[in-house]
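Positions 852 to 1075 (my numbering) are the ones given, in order, by the first sequence.
Rather than coming from a laboratory, the hints here were simulated on the basis of the structure.
Heads up, the beta-carbon is just placed ideally off N, CA and C, and yes, glycines get one too.
A couple of the hints might just be wrong.
[As the list claims (entries may be wrong)] With a straight-line cut-off of 16 Å between C-alpha atoms, the simulated EDC-like cross-links for lysine to aspartate or glutamate are:
(1) K1011 with D953
(2) K885 with E1006
(3) K885 with D1025
(4) K1011 with E890
(5) K1042 with E909
[Claimed, not checked] Computed spacing ranges between beta-carbons, pair by pair:
(6) E881 with N910: 15 to 23 Å
(7) I939 with N910: 16 to 24 Å
(8) G986 with N910: 21 to 29 Å
(9) P1061 with A918: 15 to 23 Å
(10) G986 with G1026: 37 to 45 Å
(11) G919 with P980: 40 to 48 Å
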Amino acid sequence: MRLRAAENNERQAMLPRRFYDRDPRPVSRELLGKVLVRETASELLRARIVEVEAYLGENDLAAHSAAGRTARNAVLFGPPGHAYVYFIYGNHYCLNVSCLPDGIAGGILFRALEPLTGAEAMARARGIPLDGRGGLRVLTSGPGRLAEAFGITRERDNGKDLTNPRSDLYIADDGYRARRVAATARIGITKAASLPLRYIIADNEFVSGPKRLLADLKSAGERL
DNA sequence: ATATCGATTATCT
DNA sequence: GATAATCGATATG
852 MRLRAAENNE RQAMLPRRFY DRDPRPVSRE LLGKVLVRET ASELLRARIV
902 EVEAYLGEND LAAHSAAGRT ARNAVLFGPP GHAYVYFIYG NHYCLNVSCL
952 PDGIAGGILF RALEPLTGAE AMARARGIPL DGRGGLRVLT SGPGRLAEAF
1002 GITRERDNGK DLTNPRSDLY IADDGYRARR VAATARIGIT KAASLPLRYI
1052 IADNEFVSGP KRLLADLKSA GERL
């Protein structure tokens, strides 16, 4: 009953398509603090978005869309609010959401989440104990980890409309507002590596990478 | 605590 | 045939 009510509230707070129909940078900033939800008949997973990276489409050398449309990156060129899932290093899936109107590429990579609901199921999906080394952090801190925790695969989720009321994967606003937010250089790329397009909730434990606070705030291109 | 390295495959040159 | 928006294990200070 209580869960039911929370569920309904989340449903109502599902972000609409127009939220994503903008430049990936402001969308990234506003995505911080929102809640990623996986909701099926048998499971409810919820986790707060604490780290994302903006990818700017054909003008961004580090973006998958930089060299134009292909079968793999087609979702990035499609309408806003859809899941772009790619497979990387022969090991991991990563989740993005498309931005900007149909025909214009752009997207946002989800890099870290803070578990809110269903941590036990996330641990199961990750194949690790809930109380093991690293604690809850290793469940969802990192793009490959959070995708595994949420059972995200290309087959299951690529192209999924995150703004469809019947989608089992969506993003909600639960009223939380991030306080200290910063932008830093993006992680793990070689091209256009110095642009400050990685957005983090600065004081959040689940932000990815070692020595988070010091390094991040020192290299922060701008405070938001 | 930081550094390096191997795994493993879809995608593109 | 090389590369990649990563992770986890192992080695070293």
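Right, here's what the structure says about each hint:
1. K1011 with D953: holds (15 Å)
2. K885 with E1006: Violated, because 25 Å separates the two Cα atoms, which is more than 16 Å.
3. K885 with D1025: holds (7 Å)
4. K1011 with E890: holds (14 Å)
5. K1042 with E909: holds (13 Å)
6. E881 with N910: 15 to 23 Å: Given range 15 to 23 Å: holds, Cβ gap about 21 Å.
7. I939 with N910: 16 to 24 Å: About 22 Å separates the Cβ atoms of I939 and N910, which means 16 to 24 Å holds.
8. G986 with N910: 21 to 29 Å: violated (40 Å)
9. P1061 with A918: 15 to 23 Å: Since the Cβ atoms of P1061 and A918 sit about 32 Å apart, the hinted range of 15 to 23 Å is violated.
10. G986 with G1026: 37 to 45 Å: violated (26 Å)
11. G919 with P980: 40 to 48 Å: Given range 40 to 48 Å: holds, Cβ gap about 44 Å.
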